[in-house]
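Protein chains in written order, with this note's numbering: chain A, 611 to 698; chain B, -7 to 225.
Hints were generated in silico from the structure; no laboratory data involved. Bear in mind the structure is a predicted one, so any value in this text is a computation, not a measurement. The beta carbon of each residue, even a glycine, is placed where N, CA and C say it ideally should be.
Cβ-to-Cβ under 7 Å is the rule here; a few derived chain A residues that face chain B:
hint : residue
1    : Pro628
2    : Thr632
3    : Asn680
4    : Val682
5    : Ile683
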Amino acid sequence: MEFVANIVVTLKPSVLDPQGVTVKEALHSMDYHAVEDVRMGKFMELTIKADSEQQALDQAHEVCKRLLVNPVIETYTLNIKAQTGGAV
Amino acid sequence: MLRFGVVVFPGSNCDHDCFYAVQQFISEDVEFIWHKSHEIHDFDCIILPGGFSYGDYLRTGAIARFSPVIEQVQKFAESGKLVIGICNGFQILLECGLLPGAMLRNTSLRFICKYVNLKTVNEKTPFTSSIARDQVLNIPVAHGEGNYYIDPEGLADLKRNNQIVFQYCDEQGNVNDAANPNGSVENIAGICNKAGNVLGMMPHPERCCDPRLGSSDGLTIFQSIMKSLTVSQ
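Start from the sequences and build out the full structure, keeping to the hints where you can.
Written out as structure tokens, the structure is:
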């Protein structure tokens, strides 16, 4: 079976995000003062072949920890679902 | 004769500068090491040069860190031999865990390419043995992600173990916010590991070894390496 893992990587809340600050300031200069904070991040979509959702989830967490995320500065969220529509 | 190795990753672009600096001024025995190498033998010092390994994709140094040669570099470092990572080389050393911390985008969001002043705060490493304590070096930086980050506990560790080697400063050697080009914690420009045989620095000493290029302050670092290795042999 194929599963799709959606991964969002952001800087930890304790780490200053220079891009987020700059975008926030741009929004404020456009008079969107209701926007209180902006955090930038990365979105990654992985297609994983696995026997079960649990196995795909374990695999996704493993690659996050080994390569996709640097735990010194980053944190991530992960959602996984079975690929629909069938393989071509 | 001392033998130097310069590792070449896809996207390295300071490899030839390092090679030239070593060959012209330090030792004619210098060799390129392709990043797919599974063996590195008989070197006295390995240099991880600057550049944009793997296009800086994902994070700077994150993919190069899994090149086969890195496992060899880790073993080399664990055996007490000298490893110096410059700019992207420093970023790779952080990603592979030979040095603590991580790099963030410069606070200005700009790529910064200019001469900066560095205060030598640890003159006891093999990389600074020919430099006086607090000596100010004028060496160029060229990076978009040189904003060194480490959490407060990690910073306390660095200080306790005297691992901070270079700090950005003004011409007089004052370490202050105005002299910090990229937002680095405590103006950190270079650190070493606890044992002192692995150095990472963002500025490029290889770019200022030849006095014809405006400064030869970078040479003091290579001369220190040579001095330390000659003494230990």
